[in-house]
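Chemist: Generate the whole structure from the sequences, applying the supplied hints.
Protein sequence lines, in the order shown, are assigned to chains A and B. Under my numbering, think of the first position of the first sequence as 19, with each following residue one higher. Under my numbering, think of the first position of the second sequence as 19, with each following residue one higher.
There could be a bad hint or two in this list.
What the hints assert, rightly or not - One-sided and incomplete, this derived list gives chain B residues near chain A with beta-carbon spacing under 8 Å:
(1) V37
(2) N51
(3) P53
(4) F243
(5) G246
(6) V250
(7) D260
What the hints assert, rightly or not - A few chain A positions that, by computed beta-carbon distances, are all more than 12 Å from chain B:
(8) L34
(9) A90
(10) D139
(11) A143
(12) G246
(13) R390
(14) P403
(15) E511
(16) R516
Worth flagging that the hints you see were computed from the coordinates, not collected in a lab. All residues carry an ideal CB built from backbone N, CA and C; glycine is no exception.
There are 2 protein chains.
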Amino acid sequence: MPSQVYEDLERRFARLSGVDNALGILYWDQETNMPEGSTEIRGEALATLQVLHHELLTDPAMGDRLGEAEGAGGLDDWQQANLREMRRKYLHATAVPSELVEASTKAVTACEVAWRSARRDNDFAGLKPLLQEVLTLTLRIGEAKASALGLDVYDALLDEFEPGLRAKEIDRVFTDLAAFLPDFTGRVLDYQAAQPAPEPLTGPFPVEAQRQLGVALMRAAGFDFTRGRLDVSMHPFCGGADNDTRITTRYDEADFTKALMGVMHETGHALYEQGRPAAWLAQPVGSSRGMAVHESQSLSVEMQACRSREFLQYAAPLMREAFSANVDTAGPAWSVDNLYRLYTKVERGLIRVDADEVTYPAHVILRYRLERAMLAGDLALGDLPGAWADGMAELVGIVPPDDRDGCLQDIHWPGGAWAYFPTYTLGAMIAAQLFDAAGRDEPDLLPALSRGDFSPFIGWMRRNVHAQGSSKASTDLLTAATGRPLDPEVFKEHLARRYLAN
Amino acid sequence: MPSQVYEDLERRFARLSGVDNALGILYWDQETNMPEGSTEIRGEALATLQVLHHELLTDPAMGDRLGEAEGAGGLDDWQQANLREMRRKYLHATAVPSELVEASTKAVTACEVAWRSARRDNDFAGLKPLLQEVLTLTLRIGEAKASALGLDVYDALLDEFEPGLRAKEIDRVFTDLAAFLPDFTGRVLDYQAAQPAPEPLTGPFPVEAQRQLGVALMRAAGFDFTRGRLDVSMHPFCGGADNDTRITTRYDEADFTKALMGVMHETGHALYEQGRPAAWLAQPVGSSRGMAVHESQSLSVEMQACRSREFLQYAAPLMREAFSANVDTAGPAWSVDNLYRLYTKVERGLIRVDADEVTYPAHVILRYRLERAMLAGDLALGDLPGAWADGMAELVGIVPPDDRDGCLQDIHWPGGAWAYFPTYTLGAMIAAQLFDAAGRDEPDLLPALSRGDFSPFIGWMRRNVHAQGSSKASTDLLTAATGRPLDPEVFKEHLARRYLAN
Numbered sequence: 019m020p021s022q023v024y025e026d027l028e029r030r031f032a033r034l035s036g037v038d039n040a041l042g043i044l045y046w047d048q049e050t051n052m053p054e055g056s057t058e059i060r061g062e063a064l065a066t067l068q069v070l071h072h073e074l075l076t077d078p079a080m081g082d083r084l085g086e087a088e089g090a091g092g093l094d095d096w097q098q099a100n101l102r103e104m105r106r107k108y109l110h111a112t113a114v115p116s117e118l119v120e121a122s123t124k125a126v127t128a129c130e131v132a133w134r135s136a137r138r139d140n141d142f143a144g145l146k147p148l149l150q151e152v153l154t155l156t157l158r159i160g161e162a163k164a165s166a167l168g169l170d171v172y173d174a175l176l177d178e179f180e181p182g183l184r185a186k187e188i189d190r191v192f193t194d195l196a197a198f199l200p201d202f203t204g205r206v207l208d209y210q211a212a213q214p215a216p217e218p219l220t221g222p223f224p225v226e227a228q229r230q231l232g233v234a235l236m237r238a239a240g241f242d243f244t245r246g247r248l249d250v251s252m253h254p255f256c257g258g259a260d261n262d263t264r265i266t267t268r269y270d271e272a273d274f275t276k277a278l279m280g281v282m283h284e285t286g287h288a289l290y291e292q293g294r295p296a297a298w299l300a301q302p303v304g305s306s307r308g309m310a311v312h313e314s315q316s317l318s319v320e321m322q323a324c325r326s327r328e329f330l331q332y333a334a335p336l337m338r339e340a341f342s343a344n345v346d347t348a349g350p351a352w353s354v355d356n357l358y359r360l361y362t363k364v365e366r367g368l369i370r371v372d373a374d375e376v377t378y379p380a381h382v383i384l385r386y387r388l389e390r391a392m393l394a395g396d397l398a399l400g401d402l403p404g405a406w407a408d409g410m411a412e413l414v415g416i417v418p419p420d421d422r423d424g425c426l427q428d429i430h431w432p433g434g435a436w437a438y439f440p441t442y443t444l445g446a447m448i449a450a451q452l453f454d455a456a457g458r459d460e461p462d463l464l465p466a467l468s469r470g471d472f473s474p475f476i477g478w479m480r481r482n483v484h485a486q487g488s489s490k491a492s493t494d495l496l497t498a499a500t501g502r503p504l505d506p507e508v509f510k511e512h513l514a515r516r517y518l519a520n
Numbered sequence: 019m020p021s022q023v024y025e026d027l028e029r030r031f032a033r034l035s036g037v038d039n040a041l042g043i044l045y046w047d048q049e050t051n052m053p054e055g056s057t058e059i060r061g062e063a064l065a066t067l068q069v070l071h072h073e074l075l076t077d078p079a080m081g082d083r084l085g086e087a088e089g090a091g092g093l094d095d096w097q098q099a100n101l102r103e104m105r106r107k108y109l110h111a112t113a114v115p116s117e118l119v120e121a122s123t124k125a126v127t128a129c130e131v132a133w134r135s136a137r138r139d140n141d142f143a144g145l146k147p148l149l150q151e152v153l154t155l156t157l158r159i160g161e162a163k164a165s166a167l168g169l170d171v172y173d174a175l176l177d178e179f180e181p182g183l184r185a186k187e188i189d190r191v192f193t194d195l196a197a198f199l200p201d202f203t204g205r206v207l208d209y210q211a212a213q214p215a216p217e218p219l220t221g222p223f224p225v226e227a228q229r230q231l232g233v234a235l236m237r238a239a240g241f242d243f244t245r246g247r248l249d250v251s252m253h254p255f256c257g258g259a260d261n262d263t264r265i266t267t268r269y270d271e272a273d274f275t276k277a278l279m280g281v282m283h284e285t286g287h288a289l290y291e292q293g294r295p296a297a298w299l300a301q302p303v304g305s306s307r308g309m310a311v312h313e314s315q316s317l318s319v320e321m322q323a324c325r326s327r328e329f330l331q332y333a334a335p336l337m338r339e340a341f342s343a344n345v346d347t348a349g350p351a352w353s354v355d356n357l358y359r360l361y362t363k364v365e366r367g368l369i370r371v372d373a374d375e376v377t378y379p380a381h382v383i384l385r386y387r388l389e390r391a392m393l394a395g396d397l398a399l400g401d402l403p404g405a406w407a408d409g410m411a412e413l414v415g416i417v418p419p420d421d422r423d424g425c426l427q428d429i430h431w432p433g434g435a436w437a438y439f440p441t442y443t444l445g446a447m448i449a450a451q452l453f454d455a456a457g458r459d460e461p462d463l464l465p466a467l468s469r470g471d472f473s474p475f476i477g478w479m480r481r482n483v484h485a486q487g488s489s490k491a492s493t494d495l496l497t498a499a500t501g502r503p504l505d506p507e508v509f510k511e512h513l514a515r516r517y518l519a520n
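Modeler: Listed below in structure tokens is the structure:
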């Protein structure tokens with residue numbers, strides 16, 4: 019029997035959920051529909067709601083209620099998990115003094131603006147003082163959170179993105195991967211060089227035909243269009259609100275393959291959002307877990323399912339049909355074999371967002387090492403370009419000719435997102451482990467994909483991941499679903515199977 | 019030199035403006051983009067923001083600051099006007115006890131749902147108890163506001179829609195119009211019967227061609243697409259946020275003329291919103307005045323400007339060009355004369371929203387009389403259908419065969435919008451008076467319209483209406499702009515000129 023105090027907390031968090039849902043739609047609208055002249059007014063509306071959200075969450079009465087509810091007991095497991103998540107959100111929100119939040123927001127805004135021109139002009143020296151300010155303030159935020167959460171600085175920052183995840187765990191799996199990848203990448207490149215080179219597909223591929231194909235594949239994967247949308251934005255994302263999951267893409271009429279796989283990636287994020295239990299949506303325990311688990315969902319759809327030979331057997335005829343009015347889709351370039359080669363091509367590249375499944379983790383490990391060193395004071399910002407080049411040489415086997423395609427390529431650090439990068443590769447590894455376990459539990463999983471039937475795959479994810487919300491820490495979620503904590507061998511075996519034998 | 023207290027008030031209202039702008043975009047999105055499955059979540063998000071808005075506005079500290087600022091003096095005219103509008107908003111928000119607001123919201127929600135089926139099923143008796151509850155609660159709200167504002171009940175309700183407007187003023191002009199319209203309508207019908215009948219335009223008119231034509235005419239009128247949009251919704255409206263004015267329409271491929279004039283109507287609303295001074299947007303004095311003045315802006319564009327022969331001279335070639343790929347636009351049906359006859363056709367009809375410029379005021383006067391009688395206890399709800407039929411016979415000269423096309427046709431009363439109807443016709447009369455004055459000040463106004471040049475017309479409105487925000491009561495605004503308060507003669511002369519001599 020929950021106390022009135024606990025019920026008051028549920029009401030407070032339902033209200034916060036209302037503000038979150040409003041913010042989600044406003045942000046989506048900003049990226050898809052907003053006329054250019056209303057940037058400033060929209061910024062003010064978003065800031066107003068963010069401040070109201072912060073005030074509601076950090077209300078001293080909230081702290082009192084949390085303490086009372088924790089002391090009172092009488093809660094079932096779900097309510098206890100909900101109360102834990104409430105406390106976690108409260109701790110993160112109250113840990114940092116508001117002057118520090120404000121100073122950081124200002125420094126980030128200035129640094130993001132400067133980053134755009136610094137990247138264009140290859141001007142790391144020009145960005146450095148602003149980036150130093152962001153780093154300094156991020157460190158102070160990390161220290162404030164560390165003291166409130168009883169963690170060290172990096173773990174305290176990481177905890178906001180993937181609750182419960184610790185750097186020690188990242189070190190364990192990244193050390194293993196960093197030892198594996200350089201040699202493995204060389205072997206994959208040799209292997210692919212011995213195969214027929216993928217033939218490019220020649221367009222034009224009209225936007226509307228691309229959109230319809232994307233919608234058809236989203237439907238096959240189980241995207242619910244009565245509770246979501248597909249639209250266009252400069253930078254693809256998955257956003258919106260509860261029961262209103264909106265994904266975006268950006269079409270290129272010369273090449274449909276990237277946008278299409280991008281749509282399936284965002285569909286993976288969306289299926290997670292749409293698969294959370296309806297009755298939990300307004301409460302913290304009903305949220306998706308963290309960024310690493312979220313990325314595991316996008317990557318299990320994109321990398322594990324949709325870049326498989328089985329899925330491409332299903333998708334290839336649909337691709338040919340979608341574009342047959344515009345281009346000749348009868349040739350060998352449109353065969354399953356060639357599409358598979360296109361979708362699994364590996365290259366050493368400079369840019370993380372363009373990287374393939376094999377080299378991507380190396381880009382992430384580099385950034386993880388560098389940001390830990392910078393936050394620990396072991397790497398001065400002035401030495402970042404050199405350290406970047408050394409790390410690229412070691413991990414990816416290629417060195418950027420300038421900072422534009424080196425340490426200036428990502429918005430994350432200028433944007434104040436430190437301790438975020440590792441979630442990408444942890445997501446890839448979790449995806450591999452979940453997909454492997456799902457395939458053992460559902461032997462028809464891969465054959466079904468070749469018929470466009472996602473139900474064994476997504477059904478398993480629904481039960482083991484989506485339906486769990488935030489009721490467990492990510493390690494516990496993964497252990498319950500797969501029988502063991504994160505195991506780099508599964509990811510490595512997946513890579514070997516796909517890139518050295520297929 | 020404004021006091022810190024006054025500056026605190028400006029900050030509080032800037033915050034309210036942030037919430038208002040968020041609500042405007044969320045409402046627009048609900049009508050244009052929202053997937054059906056998120057109705058409930060969206061309702062909760064909107065309600066959350068509305069409650070937060072109400073709490074911020076009725077914060078006891080707000081009342082204290084208002085009192086202090088009013089006592090302190092030291093404000094310039096603009097600040098004094100702003101403070102008056104702040105007080106007005108505070109009075110309206112605090113006048114009604116929150117239990118009464120809640121009870122009314124519930125009753126309205128239930129009554130609106132019942133109204134949809136009652137209208138479909140022609141079941142006034144079924145709706146009556148729910149409508150009685152809305153009426154009773156509206157009366158109690160009116161009494162609460164009357165006591166707070168020192169007005170009588172109808173004026174207190176009216177003051178929310180058009181601040182400063184009083185029923186005495188409405189009586190003065192509606193009595194005049196009610197005496198004029200029945201006979202005048204008969205004369206117009208005789209006059210039009212003696213002219214060639216308008217030839218219908220035969221489609222199909224593709225949606226995209228209609229949209230492009232609408233955009234072209236919006237641009238001609240001065241709509242700023244860097245601060246606004248045109249989209250599609252079931253019920254056309256003008257909404258969005260400051261610097262982000264979004265109008266909607268609904269296309270019919272069999273008839274483009276209604277949607278096109280609807281677009282120009284909403285463009286009139288939008289030009290008002292876009293024309294308010296940039297520096298005032300976040301403050302109450304920067305708001306558009308009231309619903310009657312707002313309607314005067316839509317109707318001055320639609321009725322005064324765009325249904326004029328001059329404008330149609332400009333628009334006719336554009337219409338022909340827009341649809342020439344789909345239909346034969348060379349015939350006499352596409353002449354300026356015929357388009358003018360189509361756009362000025364008068365008929366006695368049962369439905370207000372389908373009514374023409376001449377008979378529309380009669381529909382409104384009927385509703386005004388009936389709602390005043392019901393609120394005064396002089397007309398029982400059970401007697402409404404009979405009173406409706408009698409009023410229609412007297413004012414429009416036609417009697418509905420059933421309640422579906424009689425007293426069940428409008429959502430306003432079930433929706434709790436009592437004292438709203440008169441603003442439509444007051445808007446039409448203000449539009450005529452403003453347009454007349456503008457034409458005297460700018461002799462090139464009509465000739466310019468025939469060249470698609472709206473600048474003399476809209477330039478005058480910018481200075482005399484848009485730039486004024488809420489700095490004056492509507493009567494003072496009209497007097498300053500035209501040299502006299504609302505004068506029914508100007509509207510009647512406009513009707514006579516257009517419908518008996520052209």
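Chemist: Each of the hints needs a verdict: does it hold here or not?
Modeler: Cross-check of the supplied hints:
1. V37: holds, 6 Å
2. N51: holds, 7 Å
3. P53: Holds, because the Cβ-Cβ distance from P53/B to chain A comes to roughly 6 Å (cut-off 8 Å).
4. F243: holds, 7 Å
5. G246: holds, 6 Å
6. V250: violated, 13 Å
7. D260: holds, 5 Å
8. L34: violated, 9 Å
9. A90: holds, 27 Å
10. D139: holds, 28 Å
11. A143: About 36 Å separates A143/A from the closest Cβ of chain B, which puts it past 12 Å; holds.
12. G246: violated, 6 Å
13. R390: Label holds. Min Cβ-Cβ 38 Å, cutoff 12 Å.
14. P403: Consistent with the label, P403/A stays out of reach of chain B, its closest Cβ about 39 Å off (over 12 Å).
15. E511: E511/A is indeed farther than 12 Å from all Cβ atoms of chain B, at 39 Å.
16. R516: holds, 36 Å
The structure fails to meet hints 6, 8, 12 from the earlier list, while all remaining hints are met.
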